[in-house]
Amino acid sequence: MTTMVRAILLLIVGLPSLAFAQSNETMSLKVGVKPVAPFVVKMEDGEWGGLSVELWRSIALKQGWETQWVPLASAEAQINALATGEIDVAVGALSMTPEREAVMDFSHPFFSTGLGIATPVQDSGWLALLVQLVSPAFLSAVGVLAVLLFAVGALLWLVERKRNPEQFGGSLSEGIGNGFWWSAVTMTTVGYGDKAPVTKAGRLLATIWMFVSVITISSFTAAIASSVTVNQMSTAVTGLQDLAKARTLVVAGSTGQQALTLRGIKAKTVASAEEGLAALRDGSADALVYDEAILRYLLRDGDEQLDILQFAGSQQEYALGLREDFPEREVLNQRLLEETRGDAWQLTLQRYLGQL
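Be aware that the sequence shown starts at 45, since it is given in the numbering used here, and climbs by one per residue.
Since the hints were made in silico from the structure, they are not lab data.
The model shown is predicted, which means the values in this text are computed figures rather than measured ones.
Beta carbons: idealized from backbone N, C-alpha and C, even for Gly.
The reader is advised that the hints may include incorrect statements.
Pair ranges (Cβ atoms, derived) [unchecked claim]:
#1 Thr-243 x Val-165: 24 to 32 Å
#2 Ala-190 x Ser-156: 24 to 32 Å
#3 Ser-156 x Val-191: 39 to 47 Å
#4 Val-191 x Glu-143: 55 to 63 Å
List of simulated lysine-lysine pairs, PhoX-like, C-alpha gap at most 20 Å [claimed, not checked]:
#5 Lys-74 x Lys-106
#6 Lys-239 x Lys-206
#7 Lys-206 x Lys-244
#8 Lys-289 x Lys-312
When you get a sec, could you build the whole thing from the sequences and use the hints?
Take a look at the structure:
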């Protein structure tokens, strides 16, 4: 093979890579975006903004890439567009999951979060307090206390009835009734003094009962206060264990839907977190399962009607979605690591998410 032929072959083989290298400076990428505040937000002027958009723009600017924004309706639409090659990159709040990795690629993660459960805070009021006071648990506690008072009163009557008939004498019912009265006023520390034991056994019993009463009445009072406080602060659901029996909502195509399906929990789908929160406010649903960071952002101004609970075991990471044959994945990941380790990124997170 002559030197000239070898040179021509080398030139032909090198043409694609040379052409790609030259086109890197002006490479145009189709970037699919799905509105999900605060990561992707459609601004009033029609431009795209948000935490993820700012991150992508910074990387694209440094690489000299042009961006063709492609609006998409859902995360599921972004994944399908990546799988079919309709877009090159998906920017938003895409969680990394094995199911998604099977049809697309991910960049390195740029944000960690977990699932949250948004649920209405129940308005207890006086009616709920009255219901609490006649609840089986409360009435059972009162019953146990009454039996204890009766037992102590009867025991005091037995040891006092002969030596102290003026205070604990009379018929069986009168004597035990007097004993019950004495044990009650002693427990509550009222101590009217109208009845008091005179025998050594009676005074020993009274001394023991005084100390026991302090502990008993304190525990009983604390239990009532705790029960009432919890009732006043209760929510429609208290955690993951309540979702199966509650009217639960989930955003279609989200990792929240995958998590509930995995646990065999049925839920009604909504198009967006905003729609789900509106349903919670009007009382047509009990819970919305979605990304905790986004839920807290949407409720950042404080909403006394709703509270957010943690969804145990739901740690997840957001990343940029990539089509499987994306040529600049390594370069993108390098830039991504540089960006997310810089002070500017920390300021951006604080600006959008505050103390989250």
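Ascending list of hint numbers which this structure does not respect: The structure breaks hints 1, 2 and 3; every other hint is satisfied.
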